[in-house]
Amino acid sequence: EFEFEKEKDNVAKAIADFELKYPIVQDNDFSTWRAYDNHYWPAKYFIDKDGYIRYSHFGEGAYDESEKIIQQLLTETGAQVVQNPIANPGYEVYAQTPETYFGYLRLSNFSSPEKVTQDASADYTVPSEIPVNTFAFGGAWSVMPEYATPEKGAKLYLNFEAKEVFLVARSKNGPSQLKVYLDGKLEAFGKDNYNGIVTVGTDRLYKLINLSTPGRHILRLEFVDENVEIFTFTFG
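Residue numbering for the sequence shown follows the numbering used here, beginning at 17 and increasing consecutively.
Just so you know, not all the hints are guaranteed correct.
Said to hold, decoys possible - DSSO-like mimics (lysine-lysine), calculated; alpha carbons at most 30 Å apart, straight line: (1) Lys207 <-> Lys37; (2) Lys60 <-> Lys179; (3) Lys131 <-> Lys195; (4) Lys195 <-> Lys171.
No lab work stands behind these hints: they were computed from the structure.
Using the sequences and the accompanying hints, generate a full structural model.
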């Protein structure tokens with residue numbers, strides 16, 4: 017999705033981090049994506065021993081059904097499949113806020129009153145009321161095609177409804193830190209959020225918020241330095 021995800025070393029690191037044992041295809045030019053006329057992410061295509069697509073599923077969920085198809089197709093090859101009970105974790109999306117991008121190529125739902133300045137630093141202000149499912153910059157930001165970079169002391173406000181909030185980010189040169197506030201209070205809910213502080217290092221998704229129940233809240237990020245590039249919010 018982003019240029020840094022197309023770098024071979026980053027892909028290799030993700031494979032190692034998640035201990036993936038199966039082959040991974042790197043499709044930087046979307047040739048496989050287009051060959052399948054694919055329009056979804058994630059998308060699963062199950063191919064039998066003769067090369068025919070026997071089943072497909074788009075989006076999350078249907079894990080037990082997918083597992084049964086895998087076992088069926090393996091059995092057809094003559095493999096001995098251990099028939100353990102199939103009981104994958106369930107999955108439910110609680111988010112009512114859409115994925116939110118910060119680069120100007122896909123930027124939307126932006127509620128600061130200023131027009132976005134492309135490829136250069138500019139000052140932005142936060143409106144007195146942030147509309148539902150929108151975000152605003154406060155302070156000085158540089159908005160690039162895929163990401164935005166805050167200057168030291170800059171803020172980001174988001175009016176969201178979800179159970180979990182994730183941030184795709186990377187540091188430019190050494191670790192970077194940001195503070196996470198929920199409804200005005202420094203909070204430490206997410207896996208990467210320690211006492212309200214998130215340290216951004218490698219290029220990846222960071223888990224900021226994980227609430228016990230979904231709801232609508234105001235998220236505020238405060239940036240301790242100007243060493244981070246942020247790409248998108250995603251929600252769960």
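Status of the hints after comparison with the structure:
no. : hint              : verdict
1   : Lys207 <-> Lys37  : 25 Å, holds
2   : Lys60 <-> Lys179  : 25 Å, holds
3   : Lys131 <-> Lys195 : 26 Å, holds
4   : Lys195 <-> Lys171 : 9 Å, holds
Consistency with the previously given hints is maintained throughout, with no hint failing.
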